[in-house]
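Please work from the sequences and hints to get the whole structure.
Number of protein chains: 2
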Amino acid sequence: MASHARHPEKGTLVTGQSLLDDVSLPAAVIFEPALANNIAWMQRFADDHGAQLAPHGKTTMTPALFRRQLDAGAWGITLATAVQCAVAFEHGATRLLMANQLVGTPNMAIVAGLIERGADYCCVVDSVANVEALNRFFGARGVAVQVLIELGVPGGRCGVRDESALAALADAVAAAPAVALCGIEGYEGLIGGEQAVERIRGYARQLVAAVRGLMDAGAFGGRKPVVTAAGSQWFDLIAEAFDQADLRECCTPVLRPGCYVVHDHRSYLDALAEVKARHPELEGNLQPALAVFAHVQSLPEPGLAVVAMGKRDISCDPDLPIPLQRHRPGEPAHPLRHCTTRKVMDQHTMLAIAADADLRIGDVVSFGASHPCLTFDKWRQVLRVDDELRVLEAMPTFF
Amino acid sequence: MASHARHPEKGTLVTGQSLLDDVSLPAAVIFEPALANNIAWMQRFADDHGAQLAPHGKTTMTPALFRRQLDAGAWGITLATAVQCAVAFEHGATRLLMANQLVGTPNMAIVAGLIERGADYCCVVDSVANVEALNRFFGARGVAVQVLIELGVPGGRCGVRDESALAALADAVAAAPAVALCGIEGYEGLIGGEQAVERIRGYARQLVAAVRGLMDAGAFGGRKPVVTAAGSQWFDLIAEAFDQADLRECCTPVLRPGCYVVHDHRSYLDALAEVKARHPELEGNLQPALAVFAHVQSLPEPGLAVVAMGKRDISCDPDLPIPLQRHRPGEPAHPLRHCTTRKVMDQHTMLAIAADADLRIGDVVSFGASHPCLTFDKWRQVLRVDDELRVLEAMPTFF
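Listed in order, the protein sequences are those of chains A and B. Start counting the first sequence at 1; every next residue gets the next number (UniProt numbering). Start counting the second sequence at 1; every next residue gets the next number (UniProt numbering).
The hints are simulated quantities; they were obtained by calculation from the structure and are not laboratory data. Glycine included, C-beta positions come from ideal geometry on N, C-alpha and C. Mixed in with the good hints there might be a few duds.
[Said to hold, decoys possible] Computed beta-carbon distance windows for the label pairs:
| # | chain 1 | residue 1 | chain 2 | residue 2 | range |
| --- | --- | --- | --- | --- | --- |
| 1 | B | D356 | A | G213 | 31 to 39 Å |
| 2 | B | A354 | A | D270 | 32 to 40 Å |
| 3 | B | A354 | A | Q244 | 42 to 50 Å |
| 4 | A | E388 | B | A40 | 49 to 57 Å |
| 5 | B | G303 | A | D319 | 28 to 36 Å |
| 6 | A | G303 | B | G303 | 47 to 55 Å |
| 7 | B | P154 | A | R44 | 50 to 58 Å |
| 8 | A | G303 | B | D270 | 28 to 36 Å |
| 9 | A | Q195 | B | D270 | 35 to 43 Å |
| 10 | A | D246 | B | G303 | 36 to 44 Å |
| 11 | B | R248 | A | D356 | 40 to 48 Å |
| 12 | B | A217 | A | D356 | 29 to 37 Å |
| 13 | A | E331 | B | G139 | 18 to 26 Å |
| 14 | B | P154 | A | D356 | 15 to 23 Å |
Okay, here's the thing in structure tokens:
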């Protein structure tokens, strides 16, 4: 019986099935050895820098992966929306760092329900209006909500832009009995361009100064605050700034990379090379763990192969999918050289291939991509496989 | 209780709920009046041109919409993959036109199961190798599979490129007892650029000539063949070419537009203007029916609003989302002027707004987009609403 990789509720996917022989393609797969390596690598990185790890769960929205990250030592799971928090909590994650504003009564109601059921939840705030709305809702509900003040960057995304706005916001939180201040949050990933490294170091110092300033002002009422930032590109710079013995004594530094869990085949691969260039002492490496497997369906003219995979199946942003290997049942995987993605449509990928490429209709091609978030969200389940392409687990996603 | 628009299996979404008051945002909605208009408009267009309509289901993968299209008179549903065909069949669509090659044993097994359960299924072929693979699989299974020969365009996607390849393929099908030829298929949407209209007219004539040629050669064994093409951009040109009394007598012309069902706010809007310029006699219009509603979450600096909606929620391809209206409970919707999308991230949209824009944190903004296929696939359900933003139905999707 053929397995539907797309619809877990309909499928008959069985552990031990062969990806090439038994599974309807296209399918998204995660290689277990690379996955295990990545989870351990980033946890060790955080441990070595005296920081806690709250992996960003929005990348994968795959609770089976949250479980692996928590079991490896993660302090909590970071999420982006109330619904994502509900998914994580329903699957056993109890410390939820929502690195985003909580807006809208129905979303607040979802979060209040989680807090009432025991979730250790916090979100971020960057406006007095939002603090007041939270205070009205949670006050009426008789529940307190924890918040981190978000420190932004000019021209960036959310977050207060200067010290006076920060102070005014802290005052607003202090005046809101149903809102409890628990730290400072930032996201350095919006800083790029020239002198990005120096500017990110400066931003990290600002975050530390902000949490120290609020602590000195007694804004946390004796509770140990959180200071948190770090995506998967510049995490080393944030970790450096947070790695201070006296800071750890009085607050909890938290790193929040997400994409590292499966890494990628281009953009984060390049970013990690820069991390390692800055830190030659770092041992090991993150490894690309996520691929999409699909069939060659047509070889209609010389130099062109059409593959049964499209924008519905794999990230095309910021890079087009990267053909990795050719797979035939019973043969070793074969690297695909002189083969590049020319165009991707909803359900098709056009590959430019060498005129003498040994590619047949029915061959399977594996693809890597940049930006794993935008591959995960195409799938209702991803298949964890071993290096022999045996299915170990069908992991449902909750986008 | 707040409703999760994202996870139908978890939600408590109730007909009659208010989108603004009761539903967790972001949410994707379809306006019933525009939807009903579009379904009727395109069915009437096909009827008026003597063609059958097999709407492309891959656009929405929403069986509740397939039902509406079939009830309005559609001849069948077009799909792109075996799994999509299984979804459509399990929800009551029995005539399945898979406008794509069927490749891979597990996919063939899915299709064989549908045929055994009574599906009237056909796929397309463009290579002898694929015909032979189909014949081996379906022959061993003791089931016949119907195929259409795909006629492609040089530099395009799949499909045979010339008459000799077409003839060789027809011979291969004739020699394959488990493969039954039932027509000719093409897709004109790959033809663009200069003189697109003339080139598409020429391609449509080629399709008609090919089906007539095969008929004359007795390739269909007396059965009435199908000739099919037409996406949502150039459907009028294909319909013109198919609209011949003597052609209808001997074969079944089938149009396959998909996006028309919800139309869009830019690319297909422009395409329809061109259709109507070519055909001033056409009455009525398709109307944009799909929108995503999301909250303003941050107003961090003058001229910038951050909205809690991102690439996970709406198509950004080929155009960035288009802000439509501001919504506040109890107030009439307000058009958003001088407001444009500056950047979209995974979970955030940055809007450039006028310095004096009346936009508050917690306001709801509705967005349109281009290319509805890439908005539908972000959602596990879409909400059908009336013009007062009351939820009429939560329609699950099956991507």
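Each hint tested on the structure:
Between B/D356 and A/G213, the C-beta spacing of about 33 Å keeps the proposed range 31 to 39 Å intact. About 38 Å separates the C-beta atoms of B/A354 and A/D270, a value consistent with the hinted range of 32 to 40 Å. Range check, B/A354 to A/Q244: Cβ separation about 44 Å, and the 42 to 50 Å hint holds. Look at A/E388 against B/A40: about 54 Å separates their beta carbons, and that is inside 49 to 57 Å.
With their beta carbons about 31 Å apart, B/G303 and A/D319 fall inside the hinted range of 28 to 36 Å. A hinted range of 47 to 55 Å for the beta carbons of A/G303 and B/G303 is consistent with their spacing of about 48 Å. Checking the proposed 50 to 58 Å range against B/P154 and A/R44 shows it holds: the Cβ atoms sit about 54 Å from each other. Between A/G303 and B/D270 the CB atoms are about 32 Å apart, so this pair conforms to the stated range of 28 to 36 Å.
The hint said 35 to 43 Å for the Cβ distance between A/Q195 and B/D270, and at roughly 42 Å that hint holds. Distance hint check: the CB atoms of A/D246 and B/G303 are about 40 Å apart, consistent with the given range 36 to 44 Å. Roughly 46 Å separates the CB atoms of B/R248 and A/D356, a value that falls within the hinted 40 to 48 Å. Evaluation of the 29 to 37 Å hint for B/A217 and A/D356 yields a pass: the beta carbon distance comes to about 35 Å.
Separated by about 25 Å at the C-beta atoms, A/E331 and B/G139 satisfy the suggested range of 18 to 26 Å. Between B/P154 and A/D356 the beta carbons are some 21 Å apart, a value that agrees with the proposed interval 15 to 23 Å.
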